[in-house]
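Residue numbers (UniProt numbering), protein chains in the order written: chain A, 1 to 154; chain B, 1 to 658.
Please keep in mind that the hints were generated in silico from the structure rather than gathered at the bench. Please note that the accuracy of each hint is not assured.
As the list claims (entries may be wrong) - Restricting the straight-line Cα-Cα distance to at most 27 Å, the calculated cross-link-like pairs of lysine-lysine (DSS-like) are:
1) B:LYS256 <-> B:LYS135
2) A:LYS137 <-> A:LYS5
3) B:LYS63 <-> A:LYS127
4) B:LYS260 <-> B:LYS190
5) A:LYS68 <-> B:LYS63
6) A:LYS141 <-> A:LYS113
To be verified - Ranges between beta-carbon positions, derived for each pair:
7) B:ASN125 <-> A:ARG91: 49 to 57 Å
8) A:GLN140 <-> B:HIS294: 54 to 62 Å
9) A:GLU3 <-> B:MET41: 30 to 38 Å
10) A:LYS59 <-> B:ALA14: 43 to 51 Å
11) A:VAL130 <-> B:LYS135: 38 to 46 Å
12) B:PHE254 <-> A:GLY131: 44 to 52 Å
13) B:ALA14 <-> A:GLU120: 51 to 59 Å
14) B:GLY109 <-> A:PRO26: 37 to 45 Å
15) B:ALA101 <-> A:LYS127: 55 to 63 Å
16) B:ARG197 <-> A:GLU3: 31 to 39 Å
17) B:ARG48 <-> A:GLU148: 15 to 23 Å
18) A:LYS137 <-> B:SER59: 29 to 37 Å
Claimed, not checked - One side only, chain B facing chain A, incomplete, derived with CB under 8 Å:
19) SER13
20) ALA14
21) SER15
22) ASN16
23) ARG20
24) ILE21
25) HIS74
26) LYS114
27) TYR217
28) ASN221
Positions of the beta carbon are idealized from the N, C-alpha and C atoms, including for glycine.
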Amino acid sequence: MVEFKNRYMVMEVFLDPNRGIRVDDPIELTKNNVMEAIGNSIRVTARDFSLHLSLKSFKVKYVNPITKICIIRASREDHREVWQAITLITRIKDYPVIFNLLKLTGSIEACKKAGQKCEESKFEQYKLIVGSQPSPKAVQKHQNCLEELKRLEP
Amino acid sequence: MGFFDLNIPYESSASNKANRIKLATKAMELGYGGIAYNHAMKGVMSERDRCSIPLLSLSSLLKAAPSLSLSVSHHRDLLGVPRSSPFHQYTRLTVLADSLAQAQALNSGNHVLKSYDLVAVRPLNQTAFDYACEKSEVDIIAIDFSEYLPFRVKKPMVNAAISRGVYFEITYSRIIADAQVRNQMMSNIKLLVNCTRGKNLIVSSAAASVTEIRGPYDVANFLSLIGLPMERAKPCVSRNCSTLIANSLRKKRFYKETIKVEAIPATEKQDSKELWSLDWDEWDPISSGTGELHLEDLEKSLSASKEESKTVKAIDFVSLMETMPSSGLQVIPEREVASQTTKDEQKTSTHEVSKDLVMETIDAKEYLVEADAITKDCFMAEPSIPSETVDAEDNRIHTEPTKDEFLSLNGSDMPVESEQTDLDGLEPRKLEGDDSDALLRHESSVIDTKMRDVDLHSLVDDINFTNCQINEECTHPDSPIQICEESIREDGLSSGTDGEYQKSEDFGNKDRIALLVDATSPKDTSPISSDVPSDGKAMGRNQTDTSILADRLSAVPYDRMELMSDTVPLRNNDLSRDQMKIAIDSSPMKDKLPLEVGLENQIHRVDDQGASHQIPSLSFSAGTTKAGRPLRAVPFPFKRLLGRQIMKKHGHKRRRKV
Numbered sequence: 001m002v003e004f005k006n007r008y009m010v011m012e013v014f015l016d017p018n019r020g021i022r023v024d025d026p027i028e029l030t031k032n033n034v035m036e037a038i039g040n041s042i043r044v045t046a047r048d049f050s051l052h053l054s055l056k057s058f059k060v061k062y063v064n065p066i067t068k069i070c071i072i073r074a075s076r077e078d079h080r081e082v083w084q085a086i087t088l089i090t091r092i093k094d095y096p097v098i099f100n101l102l103k104l105t106g107s108i109e110a111c112k113k114a115g116q117k118c119e120e121s122k123f124e125q126y127k128l129i130v131g132s133q134p135s136p137k138a139v140q141k142h143q144n145c146l147e148e149l150k151r152l153e154p
Numbered sequence: 001m002g003f004f005d006l007n008i009p010y011e012s013s014a015s016n017k018a019n020r021i022k023l024a025t026k027a028m029e030l031g032y033g034g035i036a037y038n039h040a041m042k043g044v045m046s047e048r049d050r051c052s053i054p055l056l057s058l059s060s061l062l063k064a065a066p067s068l069s070l071s072v073s074h075h076r077d078l079l080g081v082p083r084s085s086p087f088h089q090y091t092r093l094t095v096l097a098d099s100l101a102q103a104q105a106l107n108s109g110n111h112v113l114k115s116y117d118l119v120a121v122r123p124l125n126q127t128a129f130d131y132a133c134e135k136s137e138v139d140i141i142a143i144d145f146s147e148y149l150p151f152r153v154k155k156p157m158v159n160a161a162i163s164r165g166v167y168f169e170i171t172y173s174r175i176i177a178d179a180q181v182r183n184q185m186m187s188n189i190k191l192l193v194n195c196t197r198g199k200n201l202i203v204s205s206a207a208a209s210v211t212e213i214r215g216p217y218d219v220a221n222f223l224s225l226i227g228l229p230m231e232r233a234k235p236c237v238s239r240n241c242s243t244l245i246a247n248s249l250r251k252k253r254f255y256k257e258t259i260k261v262e263a264i265p266a267t268e269k270q271d272s273k274e275l276w277s278l279d280w281d282e283w284d285p286i287s288s289g290t291g292e293l294h295l296e297d298l299e300k301s302l303s304a305s306k307e308e309s310k311t312v313k314a315i316d317f318v319s320l321m322e323t324m325p326s327s328g329l330q331v332i333p334e335r336e337v338a339s340q341t342t343k344d345e346q347k348t349s350t351h352e353v354s355k356d357l358v359m360e361t362i363d364a365k366e367y368l369v370e371a372d373a374i375t376k377d378c379f380m381a382e383p384s385i386p387s388e389t390v391d392a393e394d395n396r397i398h399t400e401p402t403k404d405e406f407l408s409l410n411g412s413d414m415p416v417e418s419e420q421t422d423l424d425g426l427e428p429r430k431l432e433g434d435d436s437d438a439l440l441r442h443e444s445s446v447i448d449t450k451m452r453d454v455d456l457h458s459l460v461d462d463i464n465f466t467n468c469q470i471n472e473e474c475t476h477p478d479s480p481i482q483i484c485e486e487s488i489r490e491d492g493l494s495s496g497t498d499g500e501y502q503k504s505e506d507f508g509n510k511d512r513i514a515l516l517v518d519a520t521s522p523k524d525t526s527p528i529s530s531d532v533p534s535d536g537k538a539m540g541r542n543q544t545d546t547s548i549l550a551d552r553l554s555a556v557p558y559d560r561m562e563l564m565s566d567t568v569p570l571r572n573n574d575l576s577r578d579q580m581k582i583a584i585d586s587s588p589m590k591d592k593l594p595l596e597v598g599l600e601n602q603i604h605r606v607d608d609q610g611a612s613h614q615i616p617s618l619s620f621s622a623g624t625t626k627a628g629r630p631l632r633a634v635p636f637p638f639k640r641l642l643g644r645q646i647m648k649k650h651g652h653k654r655r656r657k658v
């Protein structure tokens with residue numbers, strides 16, 4: 001019996017949803033700027049000490065800048081607060097964003113499985129938006145991210 | 001159970017439309033199953049406020065997001081919503097009421113309200129709120145929590161509204177947009193949530209821009225933090241909304257909230273013996289009848305746009321159906337026609353075959369123009385060409401059926417066919433008739449060789465059509481004797497070449513011929529026109545095509561019926577000649593039939609079908625006659641039951657019992 005339980009949220013990010021169809025991104029998603037945005041949001045929606053309470057297990061585990069899928073870990077007790085804070089994020093570094101939950105899982109294995117499925121689907125969409133063949137650099141980046149996802153640990 | 005967002009702001013400006021398209025696209029992408037465009041209105045209501053909200057078409061959504069179809073199916077899978085469920089669009093009116101008089105204007109006699117799918121009221125003071133809760137004929141009471149609340153939400157009032165089936169609405173876009181407003185809103189929202197305890201509560205976005213819209217689960221989570229348990233929070237985005245829509249549609253579109261007369265969609269099932277009532281299980285209570293976007297259409301138009309150099313086909317069913325009966329060959333752009341026909345064939349044949357045909361039918365449009373010019377020569381040259389090769393000649397042969405479909409669709413407008421009525425113009429016509437017939441058969445044989453069984457089934461269906469043809473033939477002014485004469489003449493021209501042609505073909509073609517021979521067997525049952533069954537077969541093929549097309553466009557059945565009745569008498573001549581030729585062609589092939597031992601079972605089956613011709617034919621003709629005069633008022637069906645007689649009978653029984 002595990003005493004400390006986590007929740008893993010597979011989220012997708014819509015960067016600047018107002019701009020229409022464009023291939024290039026205004027900013028690149030990284031773990032740091034996602035973390036910062038969520039931290040700021042938690043600070044606004046809740047009090048400071050609740051941030052520290054939830055911080056004990058809160059972490060951005062994985063970010064794919066190509067498909068814009070990220071995996072966020074939070075403790076089971078307050079994952080709803082973290083989720084709510086993520087929902088209320090409107091911008092990352094002054095660029096409007098939408099966070100949308102794709103899957104909420106209780107174990108890293110299930111999370112990986114869901115993540116891979118979402119990655120596949122989102123990469124298909126990415127290819128469709130790019131139109132022609134995606135650049136080898138982007139493909140390489142995507143492959144690296146997939147490797148990282150496979151090696152993800154709780 | 002789909003998810004709904006019943007508040008997408010609408011204004012009649014151009015910038016709003018672009019924004020609305022973006023919002024609708026995003027909502028669809030996030031997995032919502034329906035949205036409502038909200039027109040907010042203040043002051044005295046007039047005729048100008050009648051619903052004029054244009055629902056968006058699929059093409060405009062696709063322009064905003066080319067990967068929409070993939071994204072939608074991905075999100076729907078994650079949310080557990082069936083992919084096939086359509087995307088609904090509704091219209092909604094929100095009346096800002098700041099006095100009792102304005103609240104009282106919302107009554108059941110108001111015709112402006114009936115033009116909208118949903119009606120909401122936003123009370124701006126205590127009296128308006130009380131009246132809205134207790135008496136107003138509205139579906140939703142929308143409360144704007146972002147501003148100072150000018151009235152108190154009292155529990156007895158809320159309960160009164162709930163017992164009347166009125167829903168309360170919470171909008172969340174301001175919570176996301178403005179961190180300052182958030183704290184103030186939360187306490188008021190919590191008050192309402194505690195009053196209703198999740199009953200008759202819906203949550204919608206009212207998003208002014210795309211950044212303020214959120215996924216259904218995120219919204220449910222937001223409610224769960226306010227104090228609702230998750231199992232009550234989720235219905236606020238899904239089930240409550242669909243119940244609300246079903247109720248309000250029932251109020252507005254149904255007679256006495258119980259009876260709705262709906263046109264049965266034109267499907268192939270009309271001629272099969274299956275019960276129509278089976279379809280009724282799939283009836284959608286939340287369908288408003290217009291503005292539904294189907295994911296299949298989305299995928300189709302996507303693939304079509306891929307193949308045909310980015311011509312996005314507008315899926316505007318209503319306008320398409322309006323243009324169809326009246327417009328001819330020249331009016332519809334060829335590309336569109338090609339795309340339509342490819343889809344039809346995808347339905348009739350299997351997918352593998354259809355993929356081949358897609359390419360060929362695209363070529364078909366080039367031949368559409370010169371279709372009339374095709375003479376017997378092309379047919380003569382044809383047997384030397386292997387049937388499977390993909391060169392230009394073959395293409396033409398394959399694609400000919402599409403031309404046939406097209407003729408059958410717009411039959412009344414084709415100059416060639418309209419000339420048909422006079423007998424003098426037969427000579428050139430005959431040649432063309434030969435052609436199309438042979439080509440038609442050729443096409444079918446190609447399909448046969450690939451998927452013989454499947455095609456056999458469809459042929460059996462076709463034969464069902466012959467029955468209706470028999471009836472048509474009987475009523476037709478042209479006597480069958482004339483047709484016979486023509487056929488004899490044609491016989492001389494075509495039988496020799498046909499023989500060669502048949503030999504070069506493989507099994508599938510023989511199957512077909514065997515079927516044709518069998519189809520002619522019910523001669524005995526219909527002495528008036530011996531040749532009719534195979535005529536009907538040729539005809540039947542065309543009819544299925546039209547019906548499928550009409551079906552795909554979710555046609556109003558009247559349209560289809562009119563269409564058929566227009567085209568049928570004109571084409572009879574032409575087709576009967578075709579048919580004659582088939583019958584005569586097949587006679588030399590009869591010798592070969594016993595050799596195909598394996599096929600005999602199938603032939604028998606078809607024979608049985610032929611024997612039972614008469615019964616379905618009757619039912620079908622009944623259907624057409626009904627469609628002929630669809631608008632005649634039917635006497636109230638229960639009137640007889642209310643008469644005196646029943647009472648008398650009742651009395652009898654009682655007496656007997658005694």
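* Unsatisfied constraints (hint numbers, rising) -> 2, 4, 7, 8, 9, 11, 13, 14, 17, 19, 20, 21, 22, 23, 24, 26
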